[in-house]
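Keeping the supplied structure of chain A fixed, place chain B upon it in accordance with the hints.
2 protein chains.
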Amino acid sequence: MLNEYDCWFQKRQITVPVKLPDVIYSCASGEIAAQAARELQNGIKRLTGFSPVMHVNPDLNRNAFFIGVISCMENYFHLPADRLAAGGFLINVKEDRIYIAGQDEPGLLYGVFRFLSLLSLGQIKDGFETSDSPVSPLRMINHWDNFDGTVERGYAGGSLFFKDGVFDYDSGRVADYARLLASAGINRISINNVNVRAKAKLLITEEYLREAGKLAAIFRPFGIKLILSVNFSSPWSLGKLPTADPLDPSVALWWKERAALVYKYIPDLAGFIVKADSEGEPGPFQYNRTHADGANMLARALEPFGGEVIWRCFVYNCQQDWRDRSFDRACAAYNHFKPLDGAFDKNVILQIKFGPYDFQVREPVSPLFGSLLKTRHVMELQITQEYTGHQIDLCFLPQVWEDILNFNAGRQGRRIKDMVSPFSEGEANIEGFAAVVNTGKDNNWTGHTLAQANLYGYARMTWNPAFTAKEIADEWSVLSFGEGETARRISKLLLKSYPAYEKYNAPFGVCFMVTPGLHYGPNIEGYEYSRWGTYHRADNSAIGIDRTASGTGYTEQYSKENTAIFSDPKTCPENMILFFHRLRYDYVMRNGKTLLQNIYDTHFEGYEEAAAMLEEWKNLKEYLEKEVYESALSRFERQLENAREWRDQINTYFFRKTGIADEKSRKIYS
Amino acid sequence: MLNEYDCWFQKRQITVPVKLPDVIYSCASGEIAAQAARELQNGIKRLTGFSPVMHVNPDLNRNAFFIGVISCMENYFHLPADRLAAGGFLINVKEDRIYIAGQDEPGLLYGVFRFLSLLSLGQIKDGFETSDSPVSPLRMINHWDNFDGTVERGYAGGSLFFKDGVFDYDSGRVADYARLLASAGINRISINNVNVRAKAKLLITEEYLREAGKLAAIFRPFGIKLILSVNFSSPWSLGKLPTADPLDPSVALWWKERAALVYKYIPDLAGFIVKADSEGEPGPFQYNRTHADGANMLARALEPFGGEVIWRCFVYNCQQDWRDRSFDRACAAYNHFKPLDGAFDKNVILQIKFGPYDFQVREPVSPLFGSLLKTRHVMELQITQEYTGHQIDLCFLPQVWEDILNFNAGRQGRRIKDMVSPFSEGEANIEGFAAVVNTGKDNNWTGHTLAQANLYGYARMTWNPAFTAKEIADEWSVLSFGEGETARRISKLLLKSYPAYEKYNAPFGVCFMVTPGLHYGPNIEGYEYSRWGTYHRADNSAIGIDRTASGTGYTEQYSKENTAIFSDPKTCPENMILFFHRLRYDYVMRNGKTLLQNIYDTHFEGYEEAAAMLEEWKNLKEYLEKEVYESALSRFERQLENAREWRDQINTYFFRKTGIADEKSRKIYS
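So the protein lines, in turn, are chains A and B. Oh and the first sequence: position 456 is 456 in this note's numbering, straight run, nothing missing. Oh and the second sequence: position 579 is 579 in this note's numbering, straight run, nothing missing.
Since the hints were derived computationally from the structure, they do not count as laboratory data.
Which copy? The list can't say, so a pair holds if one copy fits it or any two copies do.
The calculated SDA-like cross-link candidates involving lysine to any residue, where the alpha carbons are at most 20 Å apart (straight line), are:
hint, residue 1, residue 2
1, LYS667, ARG323
2, LYS667, ASP539
3, LYS667, ASP324
Here the structure is a predicted model, which means the values were calculated and not measured.
Bound-form chain A, shown alone:
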């Protein structure tokens, strides 16, 4: 049975094939190491019912947990330290002695959490050995929390941090949150919305910084550093300077002084995140300066304190005229940032959305990945289900992230997951990940209880992008529901969810057939005449945008190999064929059926698969906590209603456009 608040920290009575020691010796003394020791003590208690005691002076002849950082653990046993990266750890189970060594204190903490997971997963036995290190240095989550307590694109209750214009949180709950995040490897958290409006602009003033400092102190023992979202025009709006021009010395000075104030209260702040010149937010363009001018100026203010600037690349003309075909929004990020490669200071990190649009159900990977060789950058994913069902519809995101990570960027012959690595000048390395998180004040954190798997999966994949969706689904299901048939069935359910959602959504990567603003449910022409640049231009014979060299030229932003693959409908992946090509409805796809018939088929199938998921959930009733069963049941029911709307509106829309009936004579409303 699942206690939904506890997520992957369920209470258990497990039996272990080794005798667990009743003493913990820790040779490290820092704040994080102390937390690691407490987590081990509490975790053993949670899983077995008994609590080992902590001893200060190690008795090497005694069976015990020996934990610490590598440097001091060498007193107890020998293992080559150079096998580990920062944040790495090793675990060794030898004749009732258990060694957990971290490369550093965070590594120790991760090692403890991993040991506890392995215990839960039934993998700890005599002779067990493992070591692991995070592949990504930067494993970030972004909160889009507003100071009024709402959460932009939040579907799990109000903000965990703010209410009514001030910091307002349950510190016990925030510590629980930090534990959840750290246990899966997260090491950075931005706490406020990148759209920094109203009172959020005051976050970098003394009154609010004092409170932010207290929040940082809760996350600190968990190895998680805070990031603050700041408004680029603060020198003007907050500082009352006549300008926020990044090249104006008074502006640079203002930010330097402000940085000093910020670091007075949060000495280990990771840095600032900035959404500039995007969707109405201010930025350097206002002063005819480049993104590099803007980011570097901020970076120089943070540099003395070791801070970094995370600069979002979600920049495009959001006042486009639908009549104007000279411009393609998909080209924007590359066009803006590729020419600036090498122009950014070394403490600037570009945060690039995984695709050229905006977290659609199926988009190609942005051509910026693989192109930037001299600029630090991370990939931005989205855990909160903005376009993927609002945590009403079940949609297990690691499935699509796996596809993204397996994309061969074609430069230096590497897949995205192979490119994840610390920065190295001249290589297209991706330093890590950021993602808008899916958590809020709901008791189960994520609205849909099964959406906890997306948070867990994101953290695990950022730790090591080689993890598969199936590995994550299996692991999460056992940690949450305990070993057994229920966990196996829930893992299968998770793995069925993304394909179903994709089928009943906008077809074949055409994107944006969703209700404007809300972003839930269909509105097939909702964006068709808007200013957002995301058109499908369906007419009575064809649909999609020609983004090849003969069209908008977007395909030319990729490596030669990928340009070739995407430019030819015969080689272009069909799940995103309408993103790259304008095709007639009678275009014959690889399965021998027309595009139109494939649209019909996928939409009938998507609905059927959603119906099957609901049935499977009902079949699980007796194995589940009533509260968990019922809250998810109502969501599966709403999902089916949503799938029905998608199916019928999409099918009717194309039937009305073409007059061509389904070849299997299924019901399409006229």
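Frame of chain A, contents of chain B only:
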């Protein structure tokens, strides 16, 4: 030059071909008569610069204004009283003596206002005689003002009455407002939104009633009675009864007691207005009772105090499924209320929207008019420009009201305007009009200064539905801008506006191609898959709903003659042909061109006409007050942008559906 706050009460220095007396004798003593005398005194001062004095004792040998009600005026001169209806008046100018006699005190007030208008219009001379009576007994405006100070569908600033949950108004401004309304003949005003939510439910509690009473006192000298919007479930939500069932004696008793309380504070309250069982508002359906059960119960509570219940007929299933063709929203009002004809108490007045939908740019007249022979009712129009351009686009509504009033309802062979008359059992009389007003806190009252003409025009047409749009445009223009070329040009501009707006809007009466929720600008499929029942079902060969006997049967709700006219596309008025018929794009219309080509033509023309209006306004610059010129100029510019979106989106939409180009090769975006 226009002072926009003063509307049709501009200051002037006019010269008059008669010597205006310098004394006013009034033989009536009531509150309204006293107001009439003051209005005469101030009005003469406003128009001529000199102020006549009031004398108590009439000197019959002296040149003077003799004013009063007929009964006492008979002492001064002889005219048959039976020529006037309630609210009627006569004016007589004889050898420098001026007689203004009202059938009653409101009639006197209307006579004074009319005299002042005639003076402005240059029609007063020696020997002038006129008499006039209102054709409609009920000349109502509705405010959709919320207690928080917002105005539902308001485009002219915040509420004149409420703010932040309480009554909050400038009593001088409210008196000016009452003067404006009364001068054009309005005699009823409902002050709060028919969607009675949140604090507005408290309006019928002592604390708020005390304040409402003060407001009523401002309107009272102007012959205007207050109406309150009430929530049908008040006995439950306010009174804490277990039910609001209209047949429950405790509910009826609750309302009786509540009515006594209300009338304690507003002894001359006209009554309650109720939106029941509509768009989520509570009503008798909840208790399996009829509208008659609900309305009559309330009517019996108000009856002892002379109050009336105004019961809106805007009732339909607002949870329709777009797939379900068994139901047609257009049929709803008739289906709900025709069977109840005769079932309502004599102090119940049904308020019926002019058309079957919801104030669309072009709708047929509701078949309820002409059908109800035993039930008191009024017609509801809309002055606020919800679907007609938000007081950004110029749209002179008397133009379409004239069409509505000229509709031959076919029963008893009468046009709507011939049916406007006091109630008489067995006749299809319409007792008057109600309309959501277009006023707010903007200095010019109506956002677009020229939208003042809609308020004036509504009031004049409710006074006498025989007035033409041209008469009203001419009269309003002279009263506002003074006699001369400017007024003539502005009158022409007004008269061009509705045809232009209609052309660039949804074509040929198909309705609802407007942005959902907002109701400004195009969104051609915005309502196509919604729950609101207003579909056009355009496909690649045809558009519109067959509402004939072979379709939804809506046409069968009309008189035989009208059923025949509407059922045949050849006789159906073409400006609403797509409301009644589903037509192929190649259907040939009376001008010999296809439906599709007519859609293209009207949309190109509508844009051109909007462009011409902007040019005409620019040409008027030197004759206009800077403030008036510029605020309207920015609106004409936005209107042109709106017309462009309508033109291009509509044309592109149909071009994409059909692939057929404009025969004149004008630009249609693909």
